[in-house]
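Chains as they are written, first to last, in the numbering used here: chain A, -1 to 200; chain B, -1 to 200.
Hints should not be assumed to be uniformly reliable.
Since copy identity is lost for identical chains, a pair holds within one copy or between any two.
No farther apart than 27 Å at their CA atoms in a straight line, the calculated lysine-lysine pairs in the DSSO-like style are these [claimed, not checked]:
#, residue 1, residue 2
1, Lys184, Lys108
2, Lys129, Lys33
3, Lys33, Lys147
4, Lys48, Lys156
5, Lys158, Lys4
6, Lys147, Lys184
7, Lys147, Lys48
8, Lys54, Lys156
9, Lys108, Lys147
10, Lys54, Lys147
11, Lys77, Lys158
12, Lys129, Lys77
Since the hints were derived computationally from the structure, they do not count as laboratory data.
Protein chains: 2
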Amino acid sequence: NGSFPKKNRPLQIINDAEYIICCDGAANSMYKTNKEADIIIGDLDSIDSKYLKNVKSQTISIENQNDNDLRKALNWIAKNIKVKKITIIGITGLREDHTLGNIASFLYNKYDFEIEIITDTGHFYIIREFKTIQTSIGQPISLFCIDEKQRITTEGLKYKLENDSINLYNATLNIAEKEQITISLKLDVPVLVYLYCENEKN
Amino acid sequence: NGSFPKKNRPLQIINDAEYIICCDGAANSMYKTNKEADIIIGDLDSIDSKYLKNVKSQTISIENQNDNDLRKALNWIAKNIKVKKITIIGITGLREDHTLGNIASFLYNKYDFEIEIITDTGHFYIIREFKTIQTSIGQPISLFCIDEKQRITTEGLKYKLENDSINLYNATLNIAEKEQITISLKLDVPVLVYLYCENEKN
């Protein structure tokens, strides 16, 4: 439901991937890469039938009006694959409601694998408990959480959080002061961290 | 903090506007329109000084690290101008953290004036109590709310809500079945409604 990435970094991630799971209509854009999806998951209503005939990808059709294709794929992964980390690309851009809904769903749902989201403009990390993140000095960073009971402590950010609660807009103007920052959480409630990659040339 | 609109509809709104309030750096892009801002609000650190010299706009400098320029402008309007409705453009696009933070701030903050947000891809309404919205049949519609105590009832949508609570991702795949929909709320907690304008040619 997002735009297919244009920048080198997300495209490189596809090319380097060990295993590719593709949500429905995104399969139509896979020809832009050197890879084929291992699995295509969704209600499969958006895939070009010509494409489906020509690929070796396994297809998994999941009908469920309450979840979009992204959440169908995540739930399927959680149930069927033992995986340590997944990297998600192409879930932002195009429709703003899908961008908002896709990103927000990580604020509510917990998965046992690590998740990172790479976009054409930056990088979302979903944090639980504690994380060290490599940054560059001066890099813009924003934090998001829906639960004000969550308490956050940071190291290496210009505007320090010390056991503070945040919401979805009041922690969006921070800046890295070190090449590495740490974020510690008090509760097992997801916090989204976004690093803006303004200096990336491609 | 967003991208300046490219499509005709948001640009037409600027040209038709009675009164234009511009957030900081957006003033640099106003030359793309036939209008000048009446007021420029923000910390004024992003405006081209050459531009500032040549315009008649009043400038209001507000230093406050806890609010971004959008919220500074909204708070200034609430305090200083008697206005019934404002239309906001240019707050999405570019940095995804700003898009998310800007949109989300309307889920927390209440203003006495009506607010609509027009983007290049759609239209956000901030609903309180009750609203009738003109739609086209088949138009994709998404609803967002941060407070699960809020109860929502809709008329004219394919997937009806009847005194239901929603969150930030589970009400994003709805469709208008009539040329007019109504949304009624039980509590005075903002609900964001997004209409995707896929059929707009420009």
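Item checked: Which numbered hints fail -> 2, 3, 4, 5, 7, 8, 10 and 11
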